[in-house]
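Please arrange chain B on chain A, whose structure you already have, making use of the hints.
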Amino acid sequence: MALIEVKDLRKTYVNDGVETPALRGVSFSIGKGEFVSIMGPSGSGKSTLLHILGFLDRQTSGVYKFNQKTIDGYSSDELAKLRNEKMGFVFQMFNLLPRTTVLDNVLLPLVYSGLEENQWEQKAAKAVEQVGLAHRMNHESSQLSGGEKQRVAIARALVNDAEVIFADEPTGNLDSKSGEVIMDTLQNLNKMGHTIVLITHETYTAEHSQRIIRLKDGLMESDTPVKNRRIANGHFTK
Amino acid sequence: MQLKHGFKIALNGLQANKSRTALTILGIVIGITAIILVMSLGEGARELILSEVRGMGAETIVIRPGREPKGPTDIAETVFSDSLTSRDVDALRLKSNVPGLVDVAPGVIVTGSVSYLGETYKPFILGWSAEFMVDFLDLYPEDGEIFYESDIRQKSSVAIIGSKVKEELFGDSDAVGQNITIKDRKFRIVGAYPPRGQLAFFNVDDLVLIPYTTAQSYLLGIDHYHEIITRAASPDLVDQTVRDIELTLRESHNITDPEKDDFFIVTQQGLVDQIKIITQTFTAFLALVVAISLVVGGIGIMNIMLVSVTERTREIGLRKAIGATNRDILTQFLLESVLLTSAGGVIGIAIGLGLSLGISVVLSQFLGINWEFSIPIAGIVLGLGVSGLVGLIFGLYPARHAARKDPIEALRYE
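Protein sequence lines correspond, in order, to chains A and B.
Going by the working numbering, the first sequence runs without a break in its numbering and finishes at 230.
Going by the working numbering, the second sequence runs without a break in its numbering and finishes at 1685.
Isolated chain A, as found in the complex (with noise of 0.2 Å):
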């Protein structure tokens, strides 16, 4: 069953009056469970994608549809909470919380959830555990490396049981060794049932996934699934 449903799906951006166009009609669908890589050079319109995706963002024009449901007439705020409790994000850059500690940035999301304040620390802990960080859980943020920065923005977005995890570039900052270590995590997750949707510009990392999407120019270039995936190696917990 699809996850994620997009039917030429169209994203214009006007500036002082000029129209710039982003997408210009793209069709997937993407099915729960699926590990996905969204690729294509700067410029093809890959981050508009995710933020559409991501209900960051509204298309211009076309359908998409997550879990068969439209969110053409959705507030600002009911987007938020769908963001909150429906998805999570990975970011190049990582995005945590200085002077903050890896539990308390994984906990971030269940601070906006509906969640009872009881649960809050158990469930990031397990988070936490999930990307292997357990004995990382009261450090600051700052003390971390890299790679390890990365895993917290996992646990980040894994916390609120998302039903997709939207990675943007995830190891575009990290040196090949802490990559090869976010691809395994991710890897991982994706084997226990999460649905991951990953957007690079390189090609080797995509091959991790089942399945990548090609974009150029606003334009979907090519849907393929990968033939000879790449698993990867030095995995957290050896």
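There may be inaccurate statements among the hints.
Here chain A is said to cover these stretches of chain B; the calculated rule only asks that three of the stretch's residues, wherever they fall, bring their Cβ under 8 Å from a Cβ of chain A [what the hints assert, rightly or not]:
1) 1290 to 1303
2) 1585 to 1591
Not everything, but these chain B residues come out facing chain A in the computed CB check (under 8 Å) [as the list claims (entries may be wrong)]:
3) H1672
4) I1679
5) L1682
FYI, nobody ran anything at the bench for these hints, they're computed from the structure.
The C-beta atom is built at its ideal place from N, Cα and C for all residues, glycine as well.
Showing chain B alone in chain A's frame:
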């Protein structure tokens, strides 16, 4: 988002930049300190003045010549007005005119100096009834005795002196029975008052009391009075007695229009009311100055909050991405600025109270002023309220700025 957690987030935000936080609230601290200081000292000063006024007694009614002073020229008019005479005193003494009155004591003030054997001193010379001083202020000489009604009728040249006057002219030797000179006229000292300090509106220690008739005839050459002090039988009768006095004096002066009264009446309650109005006006003026300083402090807060919002653009973007609504962000930054200014308020209140206490100690212990330290509850409530309000008002713009940020733009911010 729950408010409790909002507080936590805001506190964390403030702790992140302690020295900047401290500098930012300095303006608010100074403003609130000023509020507390003004209100605490103002209250103390008012109590001091009021306690002096209360010393004159609730049933005391003072009649002065001239128009009620409302400006400098009116005061001059009062000094030179000759509208109160012995005819008025006689009229007031008639029970049928003013039934509530028990005492009528006219008096004059003489400016000049006294001398004894080459020693000269400039005291406060009053022409009054010594018997009235006993009744009115419970003032009786420790040496010698007072002069009586007969002395007043005969215009005797007798005087009672205060302790300071005695010390200045006689040192340790006896004063009673000696003759002092006032304006070339010799006065025999019949009594010396004990040290009493400031009483009602004059300093007893600095006093030379002589019969008012003597002062009128031989020292001033006038037949009017500078003041008539009267007393109602009880404080409850004051209002009625004041009206009776007004009617009696208007009749005696042929005045029909109360606007043209050539005398005015001062009561303790009237003075208390007046002092309250004066101090209130003064306080209001100071409050305005303080308000300006708080606005300046508030602009500082706004400035720093804007800087903070810009610095934390990515944090705002992240919070929005993971589910914070615009309202959550607004609340977070508003709470931050309100916490900031409230902390400034609390510090300001503490400093203000400390300074006020220090000043009170100096005034009462070292300068011997009968000063009482008061904790201005209203000032504290006002200080807390105002500091919080400053945070709310000046935090609103930065907080809205933060809340309206586009999450995509904010996440990209470098």
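message = Please list, smallest to largest, the hint numbers that this structure does not respect.
response = 1, 3
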